[in-house]
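Chain order of the listed sequences is X and H.
My numbering numbers the first residue of the first sequence as 1 and each following residue consecutively.
My numbering numbers the first residue of the second sequence as 1 and each following residue consecutively.
These are calculated hints, taken from the structure and not from any lab test.
Possibly wrong hints are sitting among the right ones.
[Claimed, not checked] Going by beta-carbon spacing under 7 Å, a handful of chain H positions derived as facing chain X:
hint : residue
1    : SER85
2    : CYS86
3    : LEU188
4    : GLY343
5    : GLY359
6    : ALA400
7    : SER408
8    : GLU442
9    : LYS446
10   : ARG480
11   : ALA488
Backbone N, C-alpha and C define an ideal beta-carbon position, used for all residues, glycine too.
So the chains spell out like this:
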Amino acid sequence: MRYLPLTDADRQSMLASIGVQNIDELFADIPAEVRLKELANLPRHAGEMEVERQLGAMAARNMAASTVPFFVGCGAYKHHVPASVDHLIQRSEFLTSYTPYQPEISQGTLQYLFEFQTQVAMLTGMEVANASMYDGSTACGEAVLMARRLTRRSNALLSGGLHPHYRDVAETLSKLSNSPVNALPGDPLGSEDIIAAIDEETACVVVQSPDVFGRIRDLSEIAAAAHDKGALLIAVVTEIVSLGALKPPGEMGADIVVAEGQSIGVSLNFGGPYVGLLATRQKYIRQMPGRVCGETVDANSRRGYVLTLSTREQHIRREKATSNICTNSGLCVLAFTIHLSLLGEAGLMRLARINHANAIALADGLSAIDGVELLTGNFFNEFTIRVPGKGADVVEALAEKGVLGGVPAARLAPDHAGLDDLIIVAATEVNSPDDRAAYVKALREVLS
Amino acid sequence: MSGAHPTFTGNKALQIEEPLLFEIGEVSKTGVDLIEPDAHDKRLGGLERKKIGLPGLSEPEAMRHYVRLSQKNFAIDAGIYPLGSCTMKHNPRLNEKMARLPGFGDVHPLQPQSSVQGALELIDTLAAWLLELTGMAGVAMSPKAGAHGEFCGMAAIKSAQLEKGDARALVLVPESAHGTNPATAALLGYKVRDIPARDDGTVSPDAVKAALGPDVAGIMLTNPNTCGLFERDIVAIADAVHAAGAYFYCDGANFNAIVGKTRPGDLGIDCMHINLHKTFSTPHGGGGPGSGPVVFSPALAPYAPLPYVVRQGDEFVLVETAGAASDANKPFGRLTAFHGQMGMFVRALSYMMSHGADGLRQASEDAVLSANYVRAGLRDVMTQPFGDQICMHEVLFDDAFLKETSVSTLDFAKAMIDEGFHPMTIYFPLVVHGAMLVEPTESESKASLDQFIATLRDLVRAAKAGDVERFGGAPYHAPRARLDETRAARYPVLRWSPETPAQAAE
Ligand SMILES: Cc1ncc(COP(=O)(O)O)c(C=O)c1O
Chain X
1 MRYLPLTDAD
11 RQSMLASIGV
21 QNIDELFADI
31 PAEVRLKELA
41 NLPRHAGEME
51 VERQLGAMAA
61 RNMAASTVPF
71 FVGCGAYKHH
81 VPASVDHLIQ
91 RSEFLTSYTP
101 YQPEISQGTL
111 QYLFEFQTQV
121 AMLTGMEVAN
131 ASMYDGSTAC
141 GEAVLMARRL
151 TRRSNALLSG
161 GLHPHYRDVA
171 ETLSKLSNSP
181 VNALPGDPLG
191 SEDIIAAIDE
201 ETACVVVQSP
211 DVFGRIRDLS
221 EIAAAAHDKG
231 ALLIAVVTEI
241 VSLGALKPPG
251 EMGADIVVAE
261 GQSIGVSLNF
271 GGPYVGLLAT
281 RQKYIRQMPG
291 RVCGETVDAN
301 SRRGYVLTLS
311 TREQHIRREK
321 ATSNICTNSG
331 LCVLAFTIHL
341 SLLGEAGLMR
351 LARINHANAI
361 ALADGLSAID
371 GVELLTGNFF
381 NEFTIRVPGK
391 GADVVEALAE
401 KGVLGGVPAA
411 RLAPDHAGLD
421 DLIIVAATEV
431 NSPDDRAAYV
441 KALREVLS
Chain H
1 MSGAHPTFTG
11 NKALQIEEPL
21 LFEIGEVSKT
31 GVDLIEPDAH
41 DKRLGGLERK
51 KIGLPGLSEP
61 EAMRHYVRLS
71 QKNFAIDAGI
81 YPLGSCTMKH
91 NPRLNEKMAR
101 LPGFGDVHPL
111 QPQSSVQGAL
121 ELIDTLAAWL
131 LELTGMAGVA
141 MSPKAGAHGE
151 FCGMAAIKSA
161 QLEKGDARAL
171 VLVPESAHGT
181 NPATAALLGY
191 KVRDIPARDD
201 GTVSPDAVKA
211 ALGPDVAGIM
221 LTNPNTCGLF
231 ERDIVAIADA
241 VHAAGAYFYC
251 DGANFNAIVG
261 KTRPGDLGID
271 CMHINLHKTF
281 STPHGGGGPG
291 SGPVVFSPAL
301 APYAPLPYVV
311 RQGDEFVLVE
321 TAGAASDANK
331 PFGRLTAFHG
341 QMGMFVRALS
351 YMMSHGADGL
361 RQASEDAVLS
371 ANYVRAGLRD
381 VMTQPFGDQI
391 CMHEVLFDDA
401 FLKETSVSTL
411 DFAKAMIDEG
421 FHPMTIYFPL
431 VVHGAMLVEP
441 TESESKASLD
451 QFIATLRDLV
461 RAAKAGDVER
471 FGGAPYHAPR
481 ARLDETRAAR
491 YPVLRWSPET
501 PAQAAE
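Next up, chain X with everything else stripped away, as it sits in the complex (with noise of 0.2 Å):
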């Protein structure tokens, strides 16, 4: 086997310096019942050669999204990721270590956690963020916890904008903890009156901007109203290279901003791993989740850095840890980091007016069929259309002429309301004329 360095003639004197006869002595405390005498039902050892084959296969029957024109969004995003990025996270040093307990051997997660903090605080126009939590939506529901312990109220009041699975599991954690949560309907149309629905009993708002249907929401009046009965705004946003055009969260008023990192750095994945982010205002800190890194110095005085605040978390506190989170995103924090770096603000910015160039142009292309409707007036990347007919179906006829046209919305949210016939439509940088051709061309074809 080759990923066992031991011999048999090794293993025999492994044994006689323990002073034991065979393997099994090792294993006596295990009760004789209970102990496998077969090896389980599965196949044996295989070369590398043989695995490829087989995964390979598995992979060889999923539609990639670089081989078709794709416009599926909804908190994933296909972006370009430059070659250095996963090259640089695959050295040993980056991939094969863990969580640096030991600060002085592990200084360069360190310092990458410093930086990443940093940019998602700069992204986000909060003042700190810590070192990543799974992914946006458990972020999102952490966020709503740790409104909870802030505002020592209980309520959560989710806008109909929110992502549907967001709402879903900050509804999960609620549920099991016996915390109420006010869940608005699905808001395609952007119609919903969310300050009308806060009183002196809400914890925290939690609104998406740009939200899962595309919308832009201002969020400074709801962060006022938020404030002026004592609750906090948490923002939410999916999709992050949003805020290389948009007015960032923390510069309307937003306590919390959470979000999914996934767009810069990380690929689709299927659904993960993708890296939460999670900001706040310096006076919270104490009741943040999660890991954070911290600038200190070392004995000859010279800068370091350190995980920090560790009061907070299960590994002290225990049961009165802010989170039960250990492992995070790690080396998807690595791969944000660096590939924001290589954007800069020069660059993040103008990736965003082409993403945004690119959906105005689709939406103008698709828009012009007959009898499909745009229902998003201001949007980022993404927006919302209305078609004859369920939304599935259609999204089902396009895959079958090749086309990966977006996200029907009933699928996210099936039972809220009158959103049979949606489509979420995401456009990003790679998107090339021919593929937003290819999409419309299709889409008229499966409707005519």
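Since the structure of chain X is already known, use the hints to place chain H with the ligand on it.
Relative to the frame of chain X, chain H with the ligand by itself:
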């Protein structure tokens, strides 16, 4: 301070001081060539952004910056990383290659299901391997790490009891448990009741029975436990737990010791998370990402969260909503936006297929053998809190052997750094004074283990000989000397900012 021959730069040959990105990058610079789009009327609702402040680097600068940072990290590929409870085994590169196949890495979670049949098949196949290895009835694939899996398992327990109108308030957790266990219980609104270990480091059925009652929802027990021992009365404990109407959550962080040797399903366990990033070698990546699938007994399997994959004939179906679930299933909700850590699933399955039933069992045997070999090599000079007994895949020492010296567990660990090793896990489990938890894994050669043992023996000798300098100031040879953690916590600086330029590195 920089040795006999200080350098102009402060660098030491291959150890190069590296400023922060914000000190070397420029806002106007970019390392990505993108073509400016044609002029267009923006539809941003008047919420345009004017500036961000983010610096950029050209590609050569970025390469150099991050390569230099990498050189300040220890890694499995560079040496033994015996971090107890973390299973820092070799990360095969085939797995990286497989995860990057476009059919896995470049597919979107919300594509039509007809376009991702192979991805669903992969999830279903991995699930089947996990069920066979654990002897359990069902599995939730979506948890994103061990702690997330703990939440998943305890949520299923809570849901099962609530459904019967049997709300319970307490969860039993041994004092030696990992911090995520009590933190998880608290997240679900439970109070935690500690259970003590007996003198040999394991939990006795009597202690569990004494703590059980009508208000106890379940027990969270790690097996093999955090002291490196197999809970030999686990079946009796499970029986007692079930007799009291409670459930048995097993923290499976230490599954690497028993794969192919016994099955949690035969031990009476109701649910257990598996850290794919430990037992099944998905890389730890500087702190993540992980993956924490949870296996369930028949009693709890129906409560597994959305989404999940089912096989219908030749077709794989992703069940995403409660409405689409079969009548037998009562999913407790959703844990994450999508379907779990697909990238980790591919790597884990690649690892499992490579090992096969025979290799997986051999790996567990080698892991246990190696830990016991370290124990045998050190038992006469270091001390074990529960006496010298056979351990599983990790061996636990305490600091009694350092008693007459002025060397602490922390000092001892830092001196190991100078010798080119990553220290073991220290001060965990909390119940053991000055704990040192050594997990060599199956990835070390005998020569590597021998060198490790010889080095630790020399360190013990030096400590006992009063060579305090070797320990007190350690590490001497690392990129940084000991860092001031108190200052970091008292005056938190969590980001670079332009107003207060951080002091430059010397
Ligand atoms: C015993 C034990 N339980 C639970 C966990 C939590 O797992 P994770 O870090 O994947 O959330 C760990 C990991 O460090 C552990 O060692």
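Status of the hints after comparison with the structure:
Because the closest C-beta pair between SER85 (chain H) and chain X is about 10 Å apart, greater than 7 Å, the hint is violated. Given the 7 Å rule on beta carbons, the hint for CYS86 (chain H) holds: about 6 Å separates it from the nearest Cβ of chain X. Among the interface hints, the one on LEU188 (chain H) holds; its C-beta lies about 5 Å from the nearest C-beta in chain X, closer than the 7 Å criterion. Checking GLY343 (chain H) against chain X: minimum C-beta separation of about 4 Å stays under 7 Å; hint holds.
Nearest Cβ of chain X to the Cβ of GLY359 (chain H): about 4 Å, under the 7 Å cut. The hint holds. Interface restraint check: ALA400 (chain H) against chain X, minimum CB-CB distance 22 Å, threshold 7 Å, status violated. Hint on SER408 (chain H) is violated. Least Cβ distance to chain X is approximately 15 Å, over the 7 Å limit. Restraint check, GLU442 (chain H) versus chain X: the minimum CB separation of about 6 Å is within 7 Å; hint holds.
Given the 7 Å rule on beta carbons, the hint for LYS446 (chain H) holds: about 4 Å separates it from the nearest Cβ of chain X. For ARG480 (chain H), the interface hint holds, since its Cβ comes within 7 Å of a Cβ in chain X; the closest pair sits about 4 Å apart. Because the smallest distance between the Cβ of ALA488 (chain H) and any Cβ of chain X comes to about 4 Å, under 7 Å, the interface hint for this residue holds.
Violation of the numbered hints given earlier is confined to hints 1, 6, 7; the remaining hints are satisfied by the structure.
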